[in-house]
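**Student:** From these two lone chains plus the hints, build me the complex, please.
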Amino acid sequence: DARVTQTPRHKVTEMGQEVTMRCQPILGHNTVFWYRQTMMQGLELLAYFRNRAPLDDSGMPKDRFSAEMPDATLATLKIQPSEPRDSAVYFCASGFHTSGGANTGELFFGEGSRLTVL
Amino acid sequence: AQSVSQHNHHVILSEAASLELGCNYSYGGTVNLFWYVQYPGQHLQLLLKYFSGDPLVKGIKGFEAEFIKSKFSFNLRKPSVQWSDTAEYFCAVNAAGATNKLIFGTGTLLAVQP
Chain A
51 DARVTQTPRH KVTEMGQEVT MRCQPILGHN TVFWYRQTMM QGLELLAYFR
101 NRAPLDDSGM PKDRFSAEMP DATLATLKIQ PSEPRDSAVY FCASGFHTSG
151 GANTGELFFG EGSRLTVL
Chain B
411 AQSVSQHNHH VILSEAASLE LGCNYSYGGT VNLFWYVQYP GQHLQLLLKY
461 FSGDPLVKGI KGFEAEFIKS KFSFNLRKPS VQWSDTAEYF CAVNAAGATN
511 KLIFGTGTLL AVQP
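Protein chains in written order, with the working numbering: chain A, 51 to 168; chain B, 411 to 524.
It should be emphasised that the hints constitute simulated quantities derived from the structure, not laboratory data.
Source: prediction; values computed, not measured.
Certain hints may be false.
What the hints assert, rightly or not - Label-pair restraints from in silico Cβ distances:
id, chain 1, residue 1, chain 2, residue 2, range
1, A, 58, B, 436, 33 to 39 angstroms
2, A, 64, B, 519, 30 to 36 angstroms
3, B, 492, A, 103, 26 to 32 angstroms
4, A, 72, B, 440, 31 to 37 angstroms
5, A, 168, B, 468, 41 to 47 angstroms
6, A, 67, B, 440, 41 to 47 angstroms
7, A, 72, B, 418, 32 to 38 angstroms
8, A, 102, B, 426, 46 to 52 angstroms
9, B, 490, A, 128, 23 to 29 angstroms
Here a beta-carbon is modelled for each residue, glycine too, at the ideal position from N, C-alpha and C.
One chain only, chain B, in its complex shape (with noise of 0.2 angstroms):
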């Protein structure tokens, strides 16, 4: 069965300080990776995905992930963050092609102050 680990559970950060969350899972064959973002009282939303290609992906406000084989890592990173990334972030994997069911791991709760 797939699992995600989330080993941050509560991360502050200053504005400008760089930022990265890590994300391992547990899952012996090919699968697709994704990074939501939950903000204050709001549904998750997509911030980026990895299914195939270049194992270092772009999202959208600024993030970026890198697919580690090796390690059955899918860090999430930002250079420099800001008070509106203020959120809980869920890194999520499912089996390619077999299923879209994705397994959740239990977040990782970013404060960033101003």
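If we strip away everything but chain A, and leave its shape as in the complex, we get (with noise of 0.2 angstroms):
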């Protein structure tokens, strides 16, 4: 049963920490996601990835927040130094994606990495 794994589920730190969030998407895709999803502002596109090269990552705080595919089983989402705005869920989905073909665009996510920063 393929799907997108995420760790930590649970993260609670202090603020200044550095966070490390890691995503394992599906095998075979080829687009990564990271969203944000806090009660205030829904879910906020982060970052993204497609063929592990980033296409957009305007949503994402430049000075703190960095996002990276080390490989394409892999994709880290870190805060360093994390405040307790960053407070949220986590979570990261892939899907596939052909230029000029029929795409439908579906994602897939994980279940997400809740962070408290106290």
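**Tutor:** Now the structure itself:
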């Protein structure tokens, strides 16, 4: 049963600490997305990758957030230093997209990483 | 830029009542449309999707949605809700063929009372 796997599921940390969240996309998917979910803002797109290349990270605070794909099976989202306002659930999603093809664009979501920054 | 509006933020219904959740999108080109559901404490799961063909699409658990192009709408319906439908529902859109980046609406929290 293919699924997106995220770690950690829960993280409580103190302000100023570094936080790294990891995501293993579904094998064969070539696009990976990071979304942040909060009560106030709903689901915000932070960054996305296609074929491991970052295509759009305009939704991400650049001074403290960074997203990478070291290889096709791992995507990371790092926050350094973390702040209380970063508390949220961070979802990773993956999908498959081909240029010029009939893409339906469906994304598959992981179970999320719930981050609490004290 | 694409955007999605969900007009109802909170909906409370009794079991067996009919449901309709509104969704409007803003985009000038061809779109793919989705409804995702998030049960309490869980991740988003696809409920149904539209990308071409019959504008009335049927999804899992008795849900359906109708794409009305002239109204830029993709409303979600269910004739008779159950307590287990209590969840948050998200409408989403992407630009067909160009990207699979999904833009989400703010979500509608549905509470079904037994």
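**Student:** Tell me the numbers of any earlier hints that the structure contravenes, in ascending order.
**Tutor:** 3, 9
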